[in-house]
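With the hints as a guide, dock the two chains, each given alone in a separate frame, to form the complex.
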Amino acid sequence: MAGPADKAMTADAAVARLSSGMTLGIGGWGARRKPMALVRALLRSDVGDLTVVSCGGPDVGLLAAAGRIRRLVTAFVTLDSIPLEPHYRAARERGAFALTEVDEAMLLWGLRAAAHRMPFLPVRTGLGSDVMRVNPELRTVTSPYGDGETFVAMPALRLDAALVHLNRADRAGNGQYLGPDPYFDDLFCAAADTAYVSCERIVETAELTKEAAPQRLLIPRHRVTGVVEAPNGAHFTSCAPDYGRDEAFQRYYASTPWGEFAARFLGGGEREYESAVAAWRGGERG
Amino acid sequence: MTAVTRAEYCVIACAEVWRGAGEILASPMGTIPSLGARLARLTFAPELLLTDGEAMLVGADGTVEGWLPYRRHLDLVTGGRRHVMMGASQLDRYGNQNISCIGDWARPRRQLLGMRGAPVNTLNNPTSYWVPRHSRRVFVERVDVVCGVGYGRAGGARYHHLHRVVTDLAVLDFATPDRSLRLASLHPGVTAKEVQEATGFTLTVPDKVPYTREPTGRELELIRTVIDPRGARTREVPA
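Here the protein sequences line up with chains A and B, keeping their order.
Its first residue numbered 1, the first sequence is counted upward by one per residue in my numbering.
Its first residue numbered 287, the second sequence is counted upward by one per residue in my numbering.
Chain B extracted, bound-state conformation (with noise of 0.2 Å):
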């Protein structure tokens, strides 16, 4: 087997995200966010549910086993039972997502998506963001647009968390007094300096940084024969 790529140990750490989730819906966005969702859903977590990206909830291989259009989407959200894996345009040093637009939000530089579900989402259920080009763009000491809330604008909401931020370099969590970015591991390859470089304002680094776990011989082959066969990993995270 050839060796592990970039972006197959971005797979491993998105589905690590869902782990120990339960009977939730997993609502990736992105391409490796969903092939890692899948990922689990075949081997440590499957009991998740999943989504055919429309209105279907399927299983592993696609059978259909149950019917979410987006207003039922929009009360699983409320009701808390789901985990989002949502992109980010920026994302600061606390959680804070934009998706909405660059510059002044009543006269935009660059009008994007709109806020979408971020607002909901972030104070309902379980977050976390994917970032496939980890860069001073996306990791700004402010974003423009507040839509996904994070730590410390939140004012203690008791569904608030963010849980994990997997990016094309490594993983960042929230595990600091302040709750503010932390390096959680780093992807085979990437060296903690080249992330902090990578970003906006200063991380919490640990003495040791462990890096982002191997996949399993199973895992790999689901990956490159069963899931994505025709490597689309590979055009969101070159190998």
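Bound conformation, chain A alone (with noise of 0.2 Å):
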């Protein structure tokens, strides 16, 4: 008897799945559990002009500091222990890219608006602020009920694709965090038409509920397009509980410039830029 299809394929394969000009959504929060891998994989794509949704960290610093993005869709960038992240921050103040810049629970909103195929719904938030400012094509929507008030339509944040990492996957695209926090991981692919979710380690389905509570299976695999197995994959975010932040990579990311950095790290495969992270480490432990 047949099973569902197998997804299993290379975050090159993932990537050669993208175009140019599209609208990607990045799973995690911050310096937390970010598709790294398949942000590295991109780096060495052509793949640009992108349209980027998420909440932000160095997947945007990264994607920023490459050019690889025309507009920027946030409420925020930060690295977490280091509240600023430098390289997204000299490429907004040197104008690299467009932005819109909403607030979280809008963000949030718009994810589930598209989620539920909803063109926008109702927020209270973003009146008031310089919110409408920044983004003159936002419009209000009043309550047809005695109240009468109004909120911010937030509009569907609909995507072309989704990159997420999560701890544990199945061939098939069943995917389970094992961290504190959920993140949007699953609205970002719920949100999307095509998702790609690299994991820790890929297992047999059955092992996905053996140690670790049902309600941990975050995404389910008609959501999902492709499944990349990806050790250390969100490297150097956090990834609870297999792995937690790499503070001192991180700090040299920051305070290294991005040539120096790019160069260094980003110029071969995954396992190229694993030894150079290991011989980085060592020679500054020597």
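Hints are supplied without guarantee of correctness; some may be wrong.
Coverage of chain A stretches by chain B, computed from C-beta distances (three or more under 8 Å per stretch; other residues unrestricted) [as the list claims (entries may be wrong)]:
1. 72-80
2. 122-131
3. 171-182
Chain B is nowhere near these chain A residues, computed Cβ spacing over 12 Å in every case [to be verified]:
4. D6
5. G56
6. A90
7. A91
8. A98
9. P144
10. T194
11. A206
12. A240
Calculated directly from the structure, the hints in this document are not laboratory data.
As the structure is a computational prediction, the values presented were derived from the model and not from experiment.
Where is the CB? At the ideal position from N, CA and C, for every residue including glycine.
This is the structure:
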């Protein structure tokens, strides 16, 4: 009897399915469980001119520094332990891309609207703030009921593709998070036409619920196009409980000129990245 | 016991923000507001909910009592049962707050964090601010980007409420007819003149400004031996 399709593929194969000009959602939050191996694969490709939707961290910093972003949709960009993302800041201060700046709730509701195939959802946020000034295309909607309150009509954030990183997945695309917070990863996948899930380890379906509660199965396979096994694939962001953030390496990333960092770590494949990080660590300790 | 430090007055003033708030989430951002929230929880506001700074609701001793990942945190914001104390890169006389960028938004001179949750916070639950260095750079006539919504701009939004602004010099509130900043209390050792000079617009200064209250012996002991034995507070506000 045939089972669901085997969606396992390499990071490069996943990125080969993307194209320039796409609207791309990136999961995780700040410097937490970002699909960094997929972002690095994106940097190896020639895909650019992207509209990126992200609760921004070093994913945005890398893509902005490499000139791949045409428009960014976000509420913030941070490295968490380093509040301000230096490569993102530099790109923004030189006017390298357009910005749609909304707040965290608007981003969440925009993804929910897309996941529910709604054109918008009303949100009680944005009014009175400069969210309205810097996004003149935003419209309001008035309650048809007795209260008559006016809300922002947050447009759906429909995505061509979503990239997320989880702790475990099976080859069919059922994805599992084991850390404290799912972030918005399932919503990114549900808001997207295609979704690529990288994970620390691909396991048999039965393994997924052997030791973890079924509630940890965050992403259902019918939302997933491709599954990429990428051990350490969130590095240098955190991927609890598999590993924490590589704070030393993140500090190095944040304090090194972009060209130097890119030449040293982003020239080859994921294996070369791993060895370059190991060599850097050895050199720093030595 | 040694004399009360400025940082300790700041912890007390931050804790006071949550007095009488009820069974709601205290969302402190920054070191001293976090210490203040824990102090309130351990003393006069035991019903407060606190997080571990990540996705867990925790008791005063760190015992996990609930789950609050980001998406549920945002649901809680819109449900209103929360009082947030945010930072501010700029703050104006009506409580408009900026954490997005400095200069022209289209081409900023200094990109900062971004709007984060400031717009949704200020329209949905009580909001206070913490400013560890009271200066004219922060307290400006006009903020460059309105992230947190101030009085006069909220359009009568039904849940908009700015409670207090605590700084390293003083406590301020909006208890004036036009809901503009007013000096509510001075930390001992600070004069009203100093606060005015560190502020980029004219503050309302009552004839008699009280001092920020003294900590109780129990509170000082909790700050020094339980909540912040390693003195993180002095890194935010020097003693």
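Tested hints:
no.	hint	in the structure
1	72-80	holds (count 5)
2	122-131	holds (count 9)
3	171-182	holds (count 3)
4	D6	31 Å, holds
5	G56	8 Å, violated
6	A90	8 Å, violated
7	A91	9 Å, violated
8	A98	9 Å, violated
9	P144	18 Å, holds
10	T194	23 Å, holds
11	A206	26 Å, holds
12	A240	9 Å, violated
When each numbered hint is compared with the structure, violations occur for hints 5, 6, 7, 8, 12.
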